[in-house]
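Enquirer: So the chains spell out like this:
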Amino acid sequence: GAVVSQHPSRVICKSGTSVKIECRSLDFQATTMFWYRQFPKQSLMLMATSNEGSKATYEQGVEKDKFLINHASLTLSTLTVTSAHPEDSSFYICSAPGWVPTEAFFGQGTRLTVV
Amino acid sequence: AQSVTQLDSQVPVFEEAPVELRCNYSSSVSVYLFWYVQYPNQGLQLLLKYLSGSTLVKGINGFEAEFNKSQTSFHLRKPSVHISDTAEYFCAVSDLGNTGFQKLVFGTGTRLLVSP
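Chains as they are written, first to last, in the working numbering: chain A, 1 to 115; chain B, 1001 to 1116.
Looking at chain A on its own, in the form it has when it is part of the complex (with noise of 0.2 Å):
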């Protein structure tokens, strides 16, 4: 099946920095990107849908401002976390829709701690 890779895997950032997050779409071209955050205990929630060459489309209650999501090629879409607080740690993960509706592929998954 296809692949996207998710990078990094974990990162432990300090309150008020920026951390970055990159999914590639290896072996296809991804349009669109799904966002998704898992806090502890609870479900993965959609935060936001990225779109190649047009503005992502955020949930009610996210903060486009501070979760900044650029989807600047059909490869690569990316979710930057901008002056990060400990309440952000969270479980970050991508995901791309398949060639058929019913089809996702998910990134490896990004565990963010901030201190």
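Check the hints yourself; a few may be wrong.
Said to hold, decoys possible - Far from chain A, by Cβ distances over 10 Å, these chain B residues were calculated:
| id | residue |
| --- | --- |
| 1 | Leu1007 |
| 2 | Ala1017 |
| 3 | Pro1018 |
| 4 | Thr1055 |
| 5 | Asn1061 |
| 6 | Asn1068 |
| 7 | Thr1072 |
| 8 | His1075 |
| 9 | Ser1084 |
| 10 | Leu1112 |
Stated by the list, open to error - To be clear about the criterion: a stretch of chain A counts as covered by chain B if any three or more of its residues have a C-beta under 8 Å from a C-beta of chain B, and this derived list gives those stretches:
| id | stretch |
| --- | --- |
| 11 | 41 to 48 |
| 12 | 84 to 97 |
Since the hints were made in silico from the structure, they are not lab data.
Backbone N, C-alpha and C define an ideal beta-carbon position, used for all residues, glycine too.
Starting from the known structure of chain A, fit chain B onto it as the hints suggest.
Expert: Just chain B now, kept in the frame of chain A:
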């Protein structure tokens, strides 16, 4: 709006015993249903999915799930588990959304702990 409920946060079981992980959903429209598995430090891997047709769906690694429309359930089962099945399992329902692509609504996950 769609939602998914996984009532069991953790299910301990002995090796070679059967297991059932429960999933209930709510939706006002026809749905696609999925089970994903997440091994430690890895991404999500699709176990199986229900789109239409037979309500009994067979997936990878010996897992199967049964779609029950009247009970709005999609429970995951395996007749005999292995130590290697220890992982987090997520039930999800699809939401095609405005893009026409699949956005998934996930349950909170069930941690399956298989011991010798």
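Enquirer: State for each hint whether it applies.
Expert: How the hints compare with the structure:
{"no.": "1", "hint": "Leu1007", "result": "holds (13 Å)"}
{"no.": "2", "hint": "Ala1017", "result": "holds (25 Å)"}
{"no.": "3", "hint": "Pro1018", "result": "holds (26 Å)"}
{"no.": "4", "hint": "Thr1055", "result": "holds (17 Å)"}
{"no.": "5", "hint": "Asn1061", "result": "holds (15 Å)"}
{"no.": "6", "hint": "Asn1068", "result": "holds (20 Å)"}
{"no.": "7", "hint": "Thr1072", "result": "holds (17 Å)"}
{"no.": "8", "hint": "His1075", "result": "holds (17 Å)"}
{"no.": "9", "hint": "Ser1084", "result": "holds (18 Å)"}
{"no.": "10", "hint": "Leu1112", "result": "holds (16 Å)"}
{"no.": "11", "hint": "41 to 48", "result": "holds (count 6)"}
{"no.": "12", "hint": "84 to 97", "result": "holds (count 3)"}
Comparing the model with each earlier hint shows no violations; every hint is respected.
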